[in-house]
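Those protein sequences? They're chains A and B, same order as listed.
If you want our numbering, it's the 1-based position in the first sequence plus 184.
If you want our numbering, it's the 1-based position in the second sequence plus 5.
Heads up, some of the hints might be wrong.
[Claimed, not checked] Every beta carbon over 10 angstroms from chain A, so not counted as near; a handful from chain B, in silico:
#: 1; residue: L29
#: 2; residue: L64
#: 3; residue: G102
#: 4; residue: L105
#: 5; residue: Y128
#: 6; residue: F137
#: 7; residue: Q157
#: 8; residue: V255
#: 9; residue: V281
#: 10; residue: T286
[As the list claims (entries may be wrong)] Here are the simulated BS3-like pairs of lysine-lysine, each with C-alpha atoms no more than 30 angstroms apart in a straight line:
#: 11; chain 1: A; residue 1: K201; chain 2: A; residue 2: K394
#: 12; chain 1: A; residue 1: K273; chain 2: B; residue 2: K149
#: 13; chain 1: B; residue 1: K282; chain 2: B; residue 2: K53
#: 14; chain 1: A; residue 1: K273; chain 2: A; residue 2: K201
#: 15; chain 1: A; residue 1: K323; chain 2: B; residue 2: K149
#: 16; chain 1: A; residue 1: K323; chain 2: A; residue 2: K375
#: 17; chain 1: B; residue 1: K53; chain 2: B; residue 2: K149
#: 18; chain 1: A; residue 1: K201; chain 2: B; residue 2: K282
#: 19; chain 1: A; residue 1: K201; chain 2: B; residue 2: K53
#: 20; chain 1: B; residue 1: K39; chain 2: B; residue 2: K208
#: 21; chain 1: B; residue 1: K39; chain 2: B; residue 2: K53
#: 22; chain 1: A; residue 1: K375; chain 2: A; residue 2: K273
[As the list claims (entries may be wrong)] Here's a subset of chain A near chain B, in silico, CB distances under 8 angstroms, partners left out:
#: 23; residue: P192
#: 24; residue: P199
#: 25; residue: P270
Calculated from the structure, these hints are not laboratory results.
A quick note: this is a predicted structure, and the numbers were derived from the prediction, not measured.
Positions of the beta carbon are idealized from the N, C-alpha and C atoms, including for glycine.
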Amino acid sequence: MRSWRYQPVRDFGLPLKERLQRCPREPGMLVYASRLVANLVLRLVLKTLFRFRVHGREHLAEPGSRILVCNHTSHLDTLCLTAAMPIAKIHRTYPAAANDYFFSDFARTAFSSVFINALPFDRRRGAAESLERCVRVLKRPDMSLILFPEGTRTSNGEVARFRSGVARLARATGLPVVPCHVSGGFECWPKGRWLPRPGPLVLHIGEALKFDESTDAASICRQLREAVIALEDKP
Amino acid sequence: MNVNSALSSPVFQLFSATAGTLMLVAGAALGTLKLFGRHVDHALESYKSWLIMVPLILLTMLLGRVAVIVAVMLLAAFGFREFARATGLYRDWLYTGSVLAGIVALGAATFVPDPRLGSPGWYGLYMAMPVFVIAAILLAPVLKNRSDGQLQRMALAIFAFVYFGWMFMHLGFLANSTHAYAYLLFLLLAVEANDIAAYISGKLFGHRPLRRAISPNKTVEGGLGALAVSLALPWLFWPALPNFTWAQLVLIGVVVGVGGQLGDLIISTIKRDIGVKDMGTAIRGHGGILDRIDSLIFVAPLFFHTVRWFHGL
Numbered sequence: 185m186r187s188w189r190y191q192p193v194r195d196f197g198l199p200l201k202e203r204l205q206r207c208p209r210e211p212g213m214l215v216y217a218s219r220l221v222a223n224l225v226l227r228l229v230l231k232t233l234f235r236f237r238v239h240g241r242e243h244l245a246e247p248g249s250r251i252l253v254c255n256h257t258s259h260l261d262t263l264c265l266t267a268a269m270p271i272a273k274i275h276r277t278y279p280a281a282a283n284d285y286f287f288s289d290f291a292r293t294a295f296s297s298v299f300i301n302a303l304p305f306d307r308r309r310g311a312a313e314s315l316e317r318c319v320r321v322l323k324r325p326d327m328s329l330i331l332f333p334e335g336t337r338t339s340n341g342e343v344a345r346f347r348s349g350v351a352r353l354a355r356a357t358g359l360p361v362v363p364c365h366v367s368g369g370f371e372c373w374p375k376g377r378w379l380p381r382p383g384p385l386v387l388h389i390g391e392a393l394k395f396d397e398s399t400d401a402a403s404i405c406r407q408l409r410e411a412v413i414a415l416e417d418k419p
Numbered sequence: 006m007n008v009n010s011a012l013s014s015p016v017f018q019l020f021s022a023t024a025g026t027l028m029l030v031a032g033a034a035l036g037t038l039k040l041f042g043r044h045v046d047h048a049l050e051s052y053k054s055w056l057i058m059v060p061l062i063l064l065t066m067l068l069g070r071v072a073v074i075v076a077v078m079l080l081a082a083f084g085f086r087e088f089a090r091a092t093g094l095y096r097d098w099l100y101t102g103s104v105l106a107g108i109v110a111l112g113a114a115t116f117v118p119d120p121r122l123g124s125p126g127w128y129g130l131y132m133a134m135p136v137f138v139i140a141a142i143l144l145a146p147v148l149k150n151r152s153d154g155q156l157q158r159m160a161l162a163i164f165a166f167v168y169f170g171w172m173f174m175h176l177g178f179l180a181n182s183t184h185a186y187a188y189l190l191f192l193l194l195a196v197e198a199n200d201i202a203a204y205i206s207g208k209l210f211g212h213r214p215l216r217r218a219i220s221p222n223k224t225v226e227g228g229l230g231a232l233a234v235s236l237a238l239p240w241l242f243w244p245a246l247p248n249f250t251w252a253q254l255v256l257i258g259v260v261v262g263v264g265g266q267l268g269d270l271i272i273s274t275i276k277r278d279i280g281v282k283d284m285g286t287a288i289r290g291h292g293g294i295l296d297r298i299d300s301l302i303f304v305a306p307l308f309f310h311t312v313r314w315f316h317g318l
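From just these sequences and the hints, can you work out the full model?
Shown next, in the form of structure tokens:
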């Protein structure tokens with residue numbers, strides 16, 4: 185009689201904090217259920233307190249993996265984007281989040297990974313390693329990676345210069361990059377304020393752009409930034 | 006079981022004092038060994054976890070019957086989760102969900118009163134539960150309309166439910182007994198003492214492997230040491246146990262002494278077959294939940310039916 189073959193989960197034997205930091209993760213029903221409930225509550229809160237509206241949802245309808253890039257003025261940007269995703273895709277949507285802030289202690293790590301499904305991104309010394317992690321996630325089918333190419337929240341509400349990581353990722357994966365813009369985030373919850381103030385939030389999702397290996401990084405960053413800014417002026 | 010009855014119960018006081026004294030003695034012994042330069046780091050890690058677990062167990066008992074049932078149910082659920090993660094059954098939600106639903110149903114059957122007798126805990130439903138849960142598990146491949154690899158999944162799910170759920174959760178049903186404090190606290194203390202005795206006597210005298218292919222570190226001498234301690238313990242706590250005859254005290258000792266070793270070997274067999282060292286990382290210095298409750302899973306139902314046969318619940 186042949187022996188059975190077991191396939192332990194990939195993060196078997198790792199301590200809980202390390203398991204939560206890994207991407208892609210292999211969570212169980214409890215995590216999926218918690219994330220689903222959190223996402224539904226988030227949608228309700230954004231709708232009622234922030235009169236949240238989304239334009240251009242049809243640009244997310246195509247199957248397959250994609251990179252979403254967005255301006256970054258407040259923590260609400262991530263929440264808006266996760267709330268705009270189709271509910272069936274929330275477990276396959278990974279917002280890249282600063283490792284030094286969102287994964288600094290156990291409570292933040294648990295919150296970021298369970299409720300937001302955040303991907304830890306080391307924006308200081310380990311950017312290359314973090315980009316590799318992004319590639320690993322995007323290689324799986326039907327994944328969405330949310331990136332904020334400015335690297336941090338802006339302190340004046342303007343769209344800052346895009347860093348080259350997004351260009352490297354777009355070239356390495358060849359996946360479509362969807363430009364997005366959140367309006368109202370800066371007014372509701374600017375950098376430095378403890379809690380958000382209710383106000384209107386609007387998310388514009390643009391048409392996906394594709395880049396090949398030959399496009400230079402500066403040009404990709406410029407095109408993406410222009411596409412994001414163009415969405416700002418949309419009605 | 007409630008806070009007042011726990012605080013006024015001489016049995017609860019006796020076992021709490023014993024646990025406290027044992028922890029103090031073990032702490033002092035480890036501290037002394039460390040002072041003399043002995044390598045006790047792993048034992049210290051394990052001891053630190055006990056410093057959290059012992060008060061937690063006593064607090065659960067203090068809170069009463071519902072707390073005990075919920076705690077046992079959670080241990081069964083998270084223990085099963087470790088097994089499912091180790092085998093890969095975790096990825097199959099239908100099987101995992103059926104087992105977890107079965108564990109919750111066992112918790113409910115332990116909690117609700119018997120509709121005919123009015124006594125706490127629906128004994129008949131609890132004992133019949135495997136029939137329904139196994140039927141639900143066997144339905145999974147039919148619902149999925151798949152056959153490849155399903156026998157392995159069905160077998161793993163049924164084993165997990167029966168062993169980690171049904172057998173282990175007999176422990177929670179003991180909370181429905183009129184002698185709940187005596188049975189639960191004696192069982193926990195005896196099983197852990199059996200484990201520790203096996204470890205210490207194995208370290209001191211062990212040289213003949215007990216089951217080399219399953220667990221090379223366990224020795225015949227360790228097993229005999231554990232059996233000796235387990236046979237002695239019922240006599241030591243005889244005043245706390247309800248009118249046990251000498252033969253019943255010996256039988257309880259054998260159940261704990263032999264059952265505890267077998268439970269340990271069963272989890273070792275599972276780990277060795279899967280190819281993992283520990284079943285998890287939940288308890289520092291111990292491994293996973295299943296590594297800690299391995300003996301208890303096997304002993305709890307045997308102990309339950311032994312005491313129920315002689316004294317009822």
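Comparing the hints with the structure gives:
no. : hint              : verdict
1   : L29               : holds (30 angstroms)
2   : L64               : holds (23 angstroms)
3   : G102              : violated (7 angstroms)
4   : L105              : violated (7 angstroms)
5   : Y128              : holds (30 angstroms)
6   : F137              : holds (20 angstroms)
7   : Q157              : violated (5 angstroms)
8   : V255              : holds (40 angstroms)
9   : V281              : violated (7 angstroms)
10  : T286              : violated (5 angstroms)
11  : K201(A) / K394(A) : violated (36 angstroms)
12  : K273(A) / K149(B) : holds (22 angstroms)
13  : K282(B) / K53(B)  : holds (21 angstroms)
14  : K273(A) / K201(A) : holds (24 angstroms)
15  : K323(A) / K149(B) : holds (27 angstroms)
16  : K323(A) / K375(A) : violated (33 angstroms)
17  : K53(B) / K149(B)  : violated (46 angstroms)
18  : K201(A) / K282(B) : holds (20 angstroms)
19  : K201(A) / K53(B)  : holds (20 angstroms)
20  : K39(B) / K208(B)  : holds (17 angstroms)
21  : K39(B) / K53(B)   : holds (14 angstroms)
22  : K375(A) / K273(A) : holds (29 angstroms)
23  : P192              : holds (5 angstroms)
24  : P199              : holds (5 angstroms)
25  : P270              : violated (20 angstroms)
The structure is inconsistent with the numbered hints 3, 4, 7, 9, 10, 11, 16, 17 and 25, although it conforms to all the rest.
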